[in-house]
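All chains, full assembly: derive it from the sequences and hints.
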Amino acid sequence: MKYLEDEKLTKLTQELTDVVCGTRVINGRIEAYTCKRAGSDKKYAHSLAERYESEVVSSSALPFESSSPYANGSLGNFQDSSTRRLLTDLILTLNASFPDYDFGNVKPGNFRKLASTKIAISRANQNLSELAQKKPPGFLNLLWRSLDEVVVLNECKVYSFHPDGEGADDGSDPYTSTSRSGLLPPNSSNKDFDMDHHHELGAALWSFNYFFVNKTLKRILFFTCVQSCLKEDFSGDEQDAQDCFQSALLKSSDELNQSQDEDDSVFDFQVDVVDQPAVSTLYA
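Using the numbering used here, the first residue of the sequence shown is number 228, and each one after it goes up by one.
Treat the hints with care, since some could be wrong.
Stated by the list, open to error - Pairs of lysine to aspartate or glutamate residues, derived as EDC-like cross-links and limited to a Cα-Cα distance of at most 20 Å, are as follows:
| no. | residue 1 | residue 2 |
| --- | --- | --- |
| 1 | K334 | E280 |
| 2 | K340 | D307 |
| 3 | K270 | E282 |
| 4 | K263 | D233 |
| 5 | K458 | D245 |
| 6 | K334 | D391 |
Hints are computed from structural coordinates only; laboratory data are not their basis.
What follows is the structure, encoded as structure tokens:
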């Protein structure tokens, strides 16, 4: 996967880096990649293809069991080569975005296909509503317009990645680490990303990982974001730490109350999904 340099995406990543909201900090980035494979990626993809082919052959006599990590899921029929290629592309994107991690053991169950691009936009806007209030009016509109220029959003299939979801392996989740290295963009040596000004991170409260896949353009745009407690909160004011964990519990509770099939249901889209006046809703 080749990382595509884009000035607007780089600036947006800067705007999403180390944004402090009370006792929490938000870090996100937006990256675009081509689906063309070369060099080490080609060899890596070949090794995955051999493993997947072995899985298909070994199960050809019987249908996949629903409990199998390679059972047919939202990515499609795993016996179809196009599904296996899609899984490989998503894994290669993760490897490129988080070079300190190897996602080779990630299974199809760790990904979910969203019913529409609007769902991803709406959910991201809700998570970023607090951040948006710290930015100039229209920030989220600018963000989504910039993404649209790179990947043409209405022509994309959207997938979300859940490290602890069905089919999870050894828990290789970059957001469970407090290290900053895994959260910076591939060109993090750039002077615009000054490690001296980053905060130490504590527990992750929420995260999202969206892949906007445009097969026609042969591009994948990866939008990843996490909100964490500030690490110093846990050695400082006890009430702040408790409030931070309470926010995490409330967020987890909301997610558990959602149907597992929500992404495949009819989405009743509401323009004003975010109740903050500073948040522009053109792309909500």
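Check: Of the hints stated earlier, which fail here?
Finding: When the structure is compared with the hints, none of them turns out to be violated.
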